[in-house]
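Engineer: Just so you know, the sequences run in chain order L and H. The working numbering applies: residue 1 is where the first sequence begins, and numbers increase by one. The working numbering applies: residue 1001 is where the second sequence begins, and numbers increase by one.
Fair warning: there could be bad hints in the mix.
As the list claims (entries may be wrong) - SDA-like cross-link-like pairs, simulated, lysine to any residue; straight-line CA separation at most 25 angstroms:
| id | chain 1 | residue 1 | chain 2 | residue 2 |
| --- | --- | --- | --- | --- |
| 1 | H | K1075 | L | Q52 |
| 2 | H | K1004 | L | K107 |
| 3 | L | K107 | H | M1167 |
| 4 | H | K1244 | H | D1200 |
| 5 | H | K1075 | L | Q68 |
| 6 | H | K1037 | L | T192 |
| 7 | H | K1075 | L | T105 |
Hints listed in this document are in silico derivations from the structure and should not be mistaken for laboratory results.
Spelled out from the first residue to the last, the chains are:
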Amino acid sequence: MSAAGQPAPPNMVSLLLQTRSEHAEGERLLVEQAREGNREAFRLLVHRYNRQVYNIAYRFVGNHESAQDITQEVFVKVFHTLGSFRGEAEFGTWLHRIVVNLALTKKRIEHSKQRRCVNMETAIGIEAESGDEVVAREQQSHVEQALHELPTMQRAVIILRHLNGLSTRQVSRILNCSEGTVKTHLFRGLTTLRRKLSYLQEG
Amino acid sequence: MNHKEVRRNLYDFLRNALNDDERRRVQEHLDACTPCKHELQQLDRTLQLLSPAPSDPAAVRDNAFWDELAREVEKQVAWTSRPGVVRRMVENVRAFMMLRPTYAYAAGASLVLLVALFFMRQPVQEDRAMVDDVSFPEHAIVRESPAERMSEYFRKSRTLLVGIANMRPGYMAARDISEEQEFSRALIQEARALKQQGLDPRAARLVNDLEKIFIELTNIEPSRHMRDVELVRSGIVQENLLFKLRMAEAALDTTMLQFANDGY
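Only chain L is shown next, with the shape it has when bound in the complex (with noise of 0.2 angstroms):
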């Protein structure tokens, strides 16, 4: 329900046939009608974003039950948070700044519980994969536990801006840090990544 005199909220429709700048404004004004308190306006954001949101936790810890949680808890952030965002960046820039802070704290979290992986109570079923399949999952896990193992910035900086598209502008936004960090973190991370990776593949 919008308040008095305020234009209502865009649906879904008007949305998907946004040019860009129309795309834009209309955000603003989503936004702000969801800081004054519009539970459709904010349901329209949570819509927007959904997939963005959890695709980013995901490639942070890994696992999709952990990216739904984190995905969660990230709108019930925003929704409480929305009245200190006063637009000096984009609403995008800021909703992944905190994907990114919950995502590296529930990280750090599971990495200082984590002890065994080997629930020893719990029989489960070996499926059946052709031999390119194994290849190919190993190769997956290879690549993701090399990743989790950088350190924090260079594996969000590839998180971001190689696993998620995002710019080199953006992230240095999201990161609060330059572009050239960003650059730098970038090509550190991944010349690390390649090192772990030959020393799994050969091991």
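Since chain L is already given, all that's left is putting chain H on it; use the hints.
Structural biologist: Chain H alone, transformed into the frame defined by chain L:
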């Protein structure tokens, strides 16, 4: 452009994300610098390794999932929007604990201790009286039948082997397998006890195969364990041990059921 600047731009160079001027300058440097050219080739190979990664993890989720997620967000927002001192306190404590797990563990441990102390403060004399009144000679303790013991051994073996077989290579490098090795040692002991009580030939063969695998597992040293665990995994698969264990357990279940039905 110096080396550092060139290397920082190699990713964008490969991705055609540089403007014309930047691209020309990087190319000029690469034409004259073998080490940087080598870095470019290495980077290219690394990006190819990363390319099998799923481009859209969210795509595995259907519309029902997103609807449910939105509903869950609404519920949590509604809950956290409710006024109330107690609710706010709960949320603040929860948020505090999530970021400071040591406090959460301490709180959990304290709670467990309090509960334990509460139950322990019950009069002990009554319990002692009960024990004194009810004589409990050792021979009255029910022992497992040989079949039950064997079945339990197979079940535990299968649990351990499934866990080993499901270990992803990526995890092996960072993991400590001492608990699996401890479990293996216990199963080796159990196997020896079972052999002493006498086994039919088929069961004896399976127990021997399992013992070999468990011995290999216990002998793995930390410095080499990734490759050696992989060998154990392939041994499990080659010997078809999981299938044999399932068959053995099924056969024992049938035997025990028959005995139970016959009133033994």
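Engineer: Against each hint, give a clear statement of whether it holds in the structure.
Structural biologist: Consistency of the hints with the structure:
no. : hint              : in the structure
1   : H/K1075 - L/Q52   : 21 angstroms, holds
2   : H/K1004 - L/K107  : 31 angstroms, violated
3   : L/K107 - H/M1167  : 20 angstroms, holds
4   : H/K1244 - H/D1200 : 15 angstroms, holds
5   : H/K1075 - L/Q68   : 15 angstroms, holds
6   : H/K1037 - L/T192  : 18 angstroms, holds
7   : H/K1075 - L/T105  : 23 angstroms, holds
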